[in-house]
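Got chain A; can you put chains B, C, D and E on it based on the hints?
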Amino acid sequence: MPIDFFDSSIFYLGPDDWKNLSPFILLFAGIAVLVVAASMRAKDLVLRTLSFSFLSGAAVLFFASLLSQGRFFLGSSMELGPMERIVAGGICLIAALSSLYVRGPDYARHSEWGALLLICVLGMCLLPTARNWVAFFVYLEVLSIPAYLLSALYSNREKSLEASMKYLMMGAFVSCFFLLGISLFFAVSGSFKFEAISVAMTAAAGPQQFLCFTAVALVFSSLAFKVSLFPFHFWAADVYQGAPAPIASFLAGATKLSVFSSIVLAFSECGLWDIPGVSLYVKLLGVLSVVLGAVMALTQSRLRRMLAYSGVVNAGFVALVLPNGLSVLPSVIGFLLVYALSVLICFAVHEIALLRLGRSMDDDLEINSFVELKSKLSPFYLVLLGFALLSLAGIPPLPGFFTKYVLLSVLAKNSAFLLLAVALIGTFLGLGFYLRSLVPMALYPAIDSKKTNSETSSSGASLTAIAATVFSLLVLFGFTYLQGLISSAELMAR
Amino acid sequence: MIFEGLRWILLAPLLGAVLNGVILQNKSAKISGLVATLASLVAFGFSVVACSQLSGLNSAPEQNFLIDPLFTWMSSGHVYVPFNLELTSITSVMLLVITGIGSLIHIYSISYLSEEESPWRFFSYLNLFLAAMLVLVLASNLAVVFLGWEGVGLCSYLLIGYWYKKPENTAAGMKAFITNRVGDIGFLIALFVAFSFFQTGDISRLAERVNDYAFLSSGVPTWAWYTFAGSLLWAATAKSAQIPLYIWLPDAMAGPTPVSALIHAATMVTSGIFLICRVWPLFAMSPVIVDAAFWIGMSTAWLAALIAVSQTDVKKVLAYSTVSQLGFMFVALGAGSPAAAFFHVITHACFKALLFLAAGSVIHGMHHKQEMSLMGGLKDKMKITHVCFLIGTLAIIGFPLTAGFFSKDMILAKVFAAQGVFGYILLLGAALLTAAYMFRAYTLCFWGGARSEYAQKAHESDPLMYMPLVVLAFLSLFIGWLELPEVFGHFTKITDWVHSSWYGVGVGEQAHLSHLAEWLLMLITSVLSLTVAYYSFKIYQRNPEFKILPEPLHKWSTNKFYVDEAFELLLIKPSMKAGRFINRISDETTFNGLANGSFRFTRLSGRLLALFHTGSVQTYAWHFVFWSSLIVGAIFLWTL
Amino acid sequence: MDPINTAMLIFWPAIFAFLLFTFRKNKKAAQWANMVFHLPWFWFLYQSCLLWRSSTADGMFPIVFNSDFFPLLKSNFALGLDGLNLPLIGLNVFLSFCLSLYALGKEKLSSSYLALFALLNAASVGSLMAADAFVFYIFWEAMLIPMFFLIGIWGSKNRVYAALKFFAFTMLGSLAMLAAILYLWVQPDIQSMGWHSIAQLGLLGDGLWSPRFWVFCGFLIAFLVKIPAWPLHVWLPDAHTEAPTGASVILAGVLLKLGVYGIARWCLALFPSIAVLDVVSFTMKVLALAGIILGSYGALRQTDIKRTIAYSSVAHLGFMLLGLFSFQLAGFQGAMFQNIAHGLSTGALFLIFGIIYDRTHTRELSDYGGLGIVNPRLSMLFVLSVMASIGLPGLPGFIGEFLILNGTFVLSPWFAFFACFGILLGAVYMLRIVRGMIYGETSSVLKSHPIKLSFSEWGSIIPMIIAMIVLGFWGQGLIAVTARASATIIYNLQGEILR
Amino acid sequence: MSEGIVVMGQVNLFQVVVGILALAAAIGVVHSKSAVSSALSLMATLFLTAFLYFAKGAYFAGVVQVLIYAGAIAVLFVFIVMLLDLKPSRVAIPGQKGVALLAFAATAMFVVVVALLAVPGLFEPGLQESNLTALSAKAISYNFVSTYMLPFQATGFLILAAIVGVIMLAKSVRSPSNESRGEP
Amino acid sequence: MISLPVGELEFHVFVSIALFAIGAYGFLCKRSGLIALMCLELMLNGVNLFLMTFSKHHSSPDGASLFLFIVLVAAAEAAIALSIFVILSRRFGSVVLDDYRRLKG
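Protein chains in written order, with the working numbering: chain A, 1 to 494; chain B, 495 to 1134; chain C, 1135 to 1633; chain D, 1634 to 1817; chain E, 1818 to 1922.
Just chain A, with the same shape it has in the complex:
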């Protein structure tokens, strides 16, 4: 009997389903347009406006659909709930802002980065919606392949190539382990769907329990690599330093947000948290990355490497909170979003500093070389950078504090006081390296070295635009998010 091409029972698109998928459709269109633009060797400005408009459009659509649409299922490969929409919207927002100041390499018209950026965003938006491991794997690859390529944007400079080579090799190596993990799941439960696996997990007994634990450990360690938790964070510092600034900032913020939320969704969907040893494993990684990440960050002399290790510390904070099921999701998303925006500001101001000091575009600045900045940069940027760093450190009047407070309250609610102590020690050490990087800018006397006229002053303008918008968003988002939290909490109830 002939099988009609679309078996309506599984893959049925209702009349108003296009509203749910509209942001994805917009992304698809964006990718197409940008590939065409790439082939026509469009200049940076055109690429920037195009990618910014598509990405911000997608973000608006995601947030709009958050209020109007309910849950949308597409077989087991996509489930679009309110939380996934917020995550996707956030990712598009971050991508849009970081695409504003991407600069193609100076020698050749590299205009492909637009398409790659959009494909990477697509991957990130899809990841939390996956409800079976095959889809999860594919979205993960859709996310990481363009990431490897984007970090090789300045392909004539050794640093950028080395960073992307490292990221690629490590990424491929780790995805093999990820595959082994999901095939173990498949071996135990006979299917990749999360529900089937959760049934199998509860039924597992004795030695099979250990097998499930190894499967979960393999899967989680490969995802921990993506999010740069402690033992698997070695690549982070090199890629942050090597990759071009906007790409590094986008990757730092967006990957953490998307991967962490998909871990929370997938692991609680599969019921993996109640396998003995898993929550201990995750918490152990969290503690290690908070403490050792902070210690590493204290010794860094370069701003971008310090931001990499602060990324490890913040990932550690989230890992401490992870194994408490689905209720943890809103605070995790809030925390990571504010973290991403702050990192974005840091990289943006770093880029402006590069321009003003007349350094080559992929150079990364020593923290104490910021001293000469005082004479060349208007204090507005220094205040911005101070704002971002102190918000990362979690000093109260700044939004970073509120989200960290909500995160820590989850720990307090589950009376995990040891973890709370570790988190507080982490914040204290965090104070160390955030303030230490503020010190040369603010406290040392200004050295008025010669003023260099930076030829790409125009891009400076866009940088300022970014910083300003991010700054306002940050404050706005920091506060309103918390009010919005309640309404989304109801939405969460299935």
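A few of these clues could be false.
25 Å max Cα-Cα, derived BS3-like pairs, lysine-lysine [to be verified]: (1) C:Lys1586 with B:Lys659; (2) C:Lys1586 with C:Lys1161; (3) A:Lys374 with C:Lys1242; (4) A:Lys413 with E:Lys1921; (5) A:Lys413 with C:Lys1208; (6) D:Lys1804 with A:Lys43; (7) A:Lys374 with C:Lys1240.
Covered by chain C, per the in silico footprint, the following chain B stretches (three or more residues, Cβ under 8 Å) [what the hints assert, rightly or not]: (8) 668-675; (9) 1080-1089.
It is worth saying that the hints were derived from the structure and are not from the lab.
Note that the Cβ used here is the ideal one computed from N, Cα and C, for glycine as well.
Coordinates of chains B, C, D and E only, in the frame set by chain A:
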């Protein structure tokens, strides 16, 4: 009975001080001196009016005092301190002494400081001192007495350090202030006991506490009485320069002589004894402390006398004689008769002030040279100062019918009645020593040939200086008549005043001596002291370097029995060193070290960790496999 | 006198701070604007005083201004005003006014300095008035950033080390407080983070090592670091010596007081049953005594004048801690009074020395000498404020110390006895400074740098000296202000003792 | 146990021989002297695993393996190796790093294998009815268009990204760059 | 065919895990990047074999579809990796992974 005038006694010197110190600040001694003297005279006038007001009032003993309530200084919980001024019989006498002698000294110092470059500072401090002393005397609440007590300490610090260019003056000032502060701790403890156990700071109510039976049986712990009396005694020893804490008085001579006369002879040093006389009923409740006072007084009298004998500086001799006379007053208190002590306070104030001012005019004449070895033969160059100095010396050794005779004789009588013959003989020995060193000083200064060109050129000071001398000489001759022993008829003004000031709380005086015993005592003391005086007069005329004490004792006494060095060695140096050591240990090494150490430790471990980041992809991959399998293995074993 | 005035007490300096950021060009205008800004601030203070006096609510901490700020975090923006925090706010406004006078004509103090100063004022007044644990924590931490930059940018030589150390220590303390607030926040039956709802929170259990004890310790550690109590005081000497004059006056005058106020409001009043445990009160008294004795020994050891004054404030704050834990009305009110007295006397000391330091740029005692000859009036004021800080009767220092020691004597006579030695040591090291600076021959430094005060500098010192003299005799007025609030707190504490 | 027909019977000789050969070829990849020989032994392993798939009845998978994996990717490797005419890379340097890892990887893996083999019935057969045509092309392709519809589309973007990326990288090779080894 | 006592499932699992282990070992030890990439393919091959065995065991086509996805992804990765290595060797003269250590610390 409410009398508004009391506040003006206090405000006059205060205004003087502010006028001189802040507003005028002019350079000439005449004008600032005049302002200051005027202020103290106004105070004297008001106090005379107040005293007449008080004597006119002869109501029942509990009511015969004047009150002038000003404002509540502080009141919180069990501590209620109203800032009221009060005039009782005992305070009225003290008031007259302070303002009287104060004004005389003001007049004296106008000329004494004629060639100073900032006399306004001196006069404003002197007026401030008067104000503080008046607060001490007039206060009705012990806490306000403490205000005066510390204020007086501050002014003595400022005045001793008046010539602040020379570092040893300021060192002497600091020493005085700090030793007084040691005493103030005792006063504070007494205050705390008063407020927490006796529920009041008011002197009159405190005295009533002694005989209201309800309070006594309400179970105040005995240690409260002892701490109260003990700490008061401790405070008095510091302020009135007794054995352990007298070291600041001889150094205080670094200040100008009028200061030494007013503060370190007449008023401040006696405030300790005055305070104990005012709260005597409470003090007498603990006989152990009274005996302690007796022996402290006795040992101070002897020690100071022994040192005074070998001193070469005239002001030092007078300083040690003050310490020894204060010892006498403590002995009187110890013998259980505050009246005798108070009488000696008044007489001593007069003749000691006289002696100091006379010495001052001698020093003034000798162009600020104080060494007796440079003096000699001044009797014909400074006639009036010589006569006054002679009267003062006679008064202090107790020449019959002079002020000293009556008060010293009364103390000796009381001691004989209370402690028996042994106490009497000891005190008599001290009195004889006093006679010895006083006449030594007298003869060295005024008799024999002039031993230096200063002595040749010495000239009599101007009338402004010797007029107060004459007044004081007159006083020290006739003030004694206020209190006659039974033998000479029943004229006991001082005892009535002292007893009546305890708001009717009578404390029985010791048994009375028979007339025969009194005659005998008077005879022995005056004969012996006169013979000693004559002998020392004769010896020192011929041989100025004669040593009264045998050799080992003489060397010790010239070095003031090394008490200062002992204090320095045993108390001040070790505590300072220990303090510095503790602070270095607790602050620098442990806590600072901890703070910096932890920072360096994290920095170091960070650098150690950085070694892991070799940069090659394969080490990163190696780490990935190694760590994941390590943790998985560990957790597997853990969950087994 | 509607409650908006009290809220304006906080927001007015904040608004002014942003205005000042726009005055980037000329310094002169900014400094004059800073001085003028204080007038409406005084007016708001006056209105709040009227509001306080008219409010008859006899409750512990009458809420004056309330608007919901964080419904999610169960906290709303509540401000309270009563006898405890009003005098401190007054002191804050007064000191800041004197410093604005001092800042006139100083070319080093740019408009961003003044803006940070206004932010610091806003945060400190905010934390004084906050009646909600969360809002209190935000203002408490918000004080750190401006102070960090004030010390860090305008300080003297190794200011960076001092600023970092200050930030690290205070942050350590406030993290302990954050843990306590977090624990309160997750309690099931807590309605709001308001001060009153925490006070009524019943279930935390009582006695030693109970959760209530840990929450108490969380709050206490933050305040002990701020006070600074003895073991945690190592940051104060560095912060004081490196801070510019204005910052160290405000640090001594307001920030340290917040520690004492914090203990009174958030420890003693909120958890009386824990504070009264003899283990807790004994250790606190021992710490206080250690602070007094070792603080004084510390001061004795310093050759740097500002460090000596810093150590002296460690000793004075040790007294206040003793007063707070004496559980007597006299002791408590004494501590509150000493708060103001110490603020004035140490503030005056720092200001006068700051003025001298602006000209001589050296802090070593050996460089000084003979100031009395060079500038007799200034040295007279210096001696007066030294006497105030030693606690000479007739000046406010004495009243505070006398009440504290009286209070402590009732329950623990031995502590009072040993604390008296603090007074003695205080006299020793302070007079050492006076002798080193004022008396003796004029030192070469003073000869080469003439100390001639400008009119604005006189203007900044005179009000402080007058305030001290007035407070010395009229102290009862201030004690009456704190009477009602501290009576209720002591009543609860003594109720707990009897239980 | 479900009553489904036990699909996996005993292993026959053919599978064993091919399996062992595949392992040998894999070791050859790792320990061969020159890159070319390791590329060729990689192609050998791929072919041998394809045989295993055929043995298992997964003909479609086997064909895909042969055509795409062995045919295209391995050939690409050989082509690149020839292009870059590398010097014969020295034998893998075991060094302490390698040995430690070898020990670790081996033990970890064998623990899992032993667990699998020792415990019979660890993986009881799946719940669907065991139709033998599970691995046929029809079943796989049907699967693609139903449950994994969206990932299938997403791989389109994956490939697009790869192509665009390679073009980008290729452009940088041609143009002379001022970049020289040891950039300051 | 002659059948051996060992179960088909267990043998295939053993072969695939062995392939995976050899691939991992090769990736970590070989100095040349290309060989490392080949070892990567080996590891993926091991996983594919594991998947196919269990797909047959559970007789569900999901395993096979993941097999196809893996082949696809491997192709994409190989393409990119090889082009990067081409540039690295053309520009910096070496394919040895350890030579690229500039970003460290």
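Now for the hints, and whether the structure bears them out:
Restraint check: the Cα-Cα separation between lysine 1586 of chain C and lysine 659 of chain B comes to about 21 Å, which is no more than 25 Å; the hinted pair holds. Pair hint lysine 1586 of chain C plus lysine 1161 of chain C holds up; C-alpha atoms about 22 Å apart against a cutoff of 25 Å. A threshold of 25 Å between alpha carbons decides the hint, and for lysine 374 of chain A with lysine 1242 of chain C the separation of about 17 Å falls inside it, so the pair holds. Of the pairs offered as hints, the one joining lysine 413 of chain A and lysine 1921 of chain E is violated, with about 40 Å between alpha carbons and a cut-off of 25 Å exceeded.
Only pairs whose Cα atoms come within 25 Å are accepted, and lysine 413 of chain A paired with lysine 1208 of chain C is accepted, the gap being roughly 14 Å. The straight-line distance between the Cα atoms of lysine 1804 of chain D and lysine 43 of chain A is roughly 16 Å, inside the 25 Å bound, and the hint therefore holds. A C-alpha spacing of about 22 Å is found between lysine 374 of chain A and lysine 1240 of chain C, which places the hinted pair at or below 25 Å, so the restraint holds. With 4 residues carrying a beta carbon less than 8 Å from a beta carbon of chain C, the stretch 668-675 of chain B meets the three-residue requirement, and the given coverage holds.
For a cut-off of 8 Å, the count of residues in the stretch 1080-1089 of chain B with a CB near a CB of chain C stands at 5, and the three-residue condition holds.
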